[in-house]
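What follows is each chain in one-letter form.
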Amino acid sequence: SQQGEEDPQALSIQEGENATMNCSYKTSINNLQWYRQNSGRGLVHLILIRSNEREKHSGRLRVTLDTSKKSSSLLITASRAADTASYFCATDGWGAQKLVFGQGTRLTINP
Amino acid sequence: ETGVTQSPTHLIKTRGQQVTLRCSSQSGHNTVSWYQQALGQGPQFIFQYYREEENGRGNFPPRFSGLQFPNYSSELNVNALELDDSALYLCASSSAEDTQYFGPGTRLTVL
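Heads up: the protein sequence lines correspond to chains V and B, in order. Numbered continuously in our numbering, the first sequence closes out at residue 214. Numbered continuously in our numbering, the second sequence closes out at residue 530.
No lab work stands behind these hints: they were computed from the structure. Bear in mind that the values here come from a model prediction, so they are computed numbers and not experimental data. Incorrect hints may appear among the rest.
What the hints assert, rightly or not - If the Cβ cut is set under 7 Å, some of the chain B residues that face chain V in the computed set are: (1) V438; (2) P462; (3) F464.
We treat Cβ as the ideally placed atom computed from N, Cα and C, and that holds for glycine.
Excised from the complex, chain V in its bound form (with noise of 0.2 Å):
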């Protein structure tokens, strides 16, 4: 079962503008990772952000987490048409090393 959810399923976007992507989890989390994936490839790692956390920066990139509403976002600005992929939030529970995806959003940047 996915633990979360994604909105929204699709985004198009110009390039140069920015992009948001929300996460929304059901159960407690020891962190929440970000990942992209390019055309059915592999998964590659964007952010990691600990429970305890509530906003992180890496780049172009800014993820913020609340663990009240249990939900977090990924904000991509100056997006660019090689930032088309997929994008996946997963969590981790506590002792548990397995990751729970969503179902990811698609993001494409129209040149």
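Using the hints, position chain B against chain V.
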């Protein structure tokens, strides 16, 4: 590149056959996790191996089995293949840290 490799890249089998997929973990990582990703879905956790022992299993039948070797590489075996086993199979390696690093995947088609 994550340093995690998988073989083969693609595989075509027929119903009832058996398949073995292989994964080499990133140097220094002692944990390997396997995931199944059906088309258009997020990855689903199959099982995890830590220091050659199974360390957690998802909701998959016993015909999905695995091994981890002393060098921490791993195999995923699937017996009595079914059409629904067609998917991208991903392995991920990790150490004591929480981040899991994924390989490029093996695309299995069952006819």
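Do the hints match the structure? See the list:
no.: 1; hint: V438; result: violated (19 Å)
no.: 2; hint: P462; result: holds (5 Å)
no.: 3; hint: F464; result: holds (4 Å)
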